[in-house]
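From first to last, the protein sequence lines are chains W and S.
All letters in the first sequence, in the order written, are residues 1 to 298 by the UniProt record's numbering.
All letters in the second sequence, in the order written, are residues 1 to 298 by the UniProt record's numbering.
These aren't lab readings, by the way, just hints derived from the structure by calculation.
Incorrect hints may appear among the rest.
You can't tell identical chains apart in this list, so a pair holds if it fits in one copy or across any two.
Said to hold, decoys possible - Calculated pairs, SDA-like style, for lysine to any residue (alpha carbon to alpha carbon, straight line, at most 25 angstroms):
#1 K243 x N105
#2 K78 x I22
#3 K78 x E246
#4 K48 x D123
#5 K183 x Y226
Just so you know, these numbers come straight off a predicted model, no measurement behind them.
Listed here are the chains, written in short residue letters.
2 protein chains.
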Amino acid sequence: MREFELIGKAKELFRVERDDVIVGIDDDCALVDVGTRLALTTDCLHEKTDFPKGIKPEEIGHLALAINLSDLASCGAKPLFFLYTITLSDYWIEYFERILKGMKNLADKYGVAVVGGDTDFGDELHISGFAIGKAERFVGRDGAKVGDKICVTGLLGKAQLSLEQLMNGFSRYEIAYPDSLFKPEPRVEEGLRIAKHANSMTDISDSLAISLHQIAKRSGVGIKIYEEKIPLDHLTKFVDYEKALELFLYSGGDYELVFTSKKSEYIEIGEVIEDEGVWIVRRDGRVKEVEFRGYAHL
Amino acid sequence: MREFELIGKAKELFRVERDDVIVGIDDDCALVDVGTRLALTTDCLHEKTDFPKGIKPEEIGHLALAINLSDLASCGAKPLFFLYTITLSDYWIEYFERILKGMKNLADKYGVAVVGGDTDFGDELHISGFAIGKAERFVGRDGAKVGDKICVTGLLGKAQLSLEQLMNGFSRYEIAYPDSLFKPEPRVEEGLRIAKHANSMTDISDSLAISLHQIAKRSGVGIKIYEEKIPLDHLTKFVDYEKALELFLYSGGDYELVFTSKKSEYIEIGEVIEDEGVWIVRRDGRVKEVEFRGYAHL
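Please construct the entire structure, taking both the sequences and the accompanying hints into account.
Structure (structure tokens):
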């Protein structure tokens, strides 16, 4: 995937050796030391690729903050401050305040102060967010240990299922999980709780498959998950079994957390193994590779 | 100006009362206290409004960082960390590394660690930057005192003059001040130096006029500048006198700093007065109002 190639080049270029940079450009968040340890992250959204049809202005503001809070949560950082840049196209100018109100509602919920913004105008609505959190115990992608359980904080595939329903002509009031698609909840409290014991963690923005590959590769371990442990009832109500499994493994947008720990919490789906790669044990016992792919964009 | 109306609404909405937020969304940078006092800022650029024709990829990366370092400098903060989001259109994908190299060269010059990035794809090249600095003595726009001198760190109008020449068919090798337009230098060291004594400061991104109005309004004072003190030789070589004065007062993009202080340093052009408003004393003694306007975008 082209995105990951480019990210690799950026990591190469911006590698630093500094006492105050503990984790650089290589994880969900950077970790810096300014006397206190701070987690820093940034993420952007733009209209054509990230906003499903029918999204409300408040949900756009919510989403712009939520994806950044999700990154902080995935490192076990408590969110403190947020800044944004917004480029408004003509259509969105009148919705500017409503976008910001959605952002503020979510900020208030988690005690985040929005302390900076840059506003300009262009052809497409574009929002970048930048969040700062305090990391008592920073959990990266690179600490998974052989024998750890693999757990996820919630059900996966709901956002993509809903998106596909929307693209097939359903309205936002008819799709299965509108909140997963339009207003995903960042797992802030879960992240803080999990950080006390997890060895590695990341959020699932692109897909579970990609997140597992990232943990496995960065930790120098392998991962095995079990089909029989994967909850799919929330999807098989709407699609057939194979499609449901596909959605669970390879779709993004739910912003749940996946982590590895000696302690099993939330939904346990597998374990960390010594042999490299990411594998799924099918119900019939066959072991198949989990591919490095996902789709989170429209 | 529409931009300032919207910014006003954002300031209203995101006003906070928190011990750890010393300056909120209301200045060039926010100032937060996490044990250490940090200045936070964000600024974005996109192709159609911010990149002059013929700009090199390295200069785009330079510019994205420079405008954020300029904000930090204008508060007297020492830059530490930088994060970016970049949306690449098809045309720019092959220049991705060159864009980042321009960013890195400037980062290295001022000891800035680039610790985060988000890369995606869209119809227009778009870069948002977020910078974090350490503020020993934070200088905002609101501290100007009656009797302060008004000073600027360098000659103004060069970027806009060069832009107009470019739009009139000159090549980048023929325009008067290519570096002012394509590769402006953020006044990082000047900002740190000035912060030791200045009562107020801001950078000149939109125009000197707008910056002076912001300082006057936020400080509850007036400002008087003197035409005879304004250096225009660098412009009158290329345009007539009135046009030169117009460029000096009302054009942006040079990223010089303007500050008020009991101490005169760099180029002194006027003083802080009690009566509200921003005024220019013309050579013939007439006093005219400096309008609230500027142009920094293409």
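(message) Output the indices of the hints that this structure fails to meet, ascending.
(response) Per hint list: 1, 3, 5 violated.
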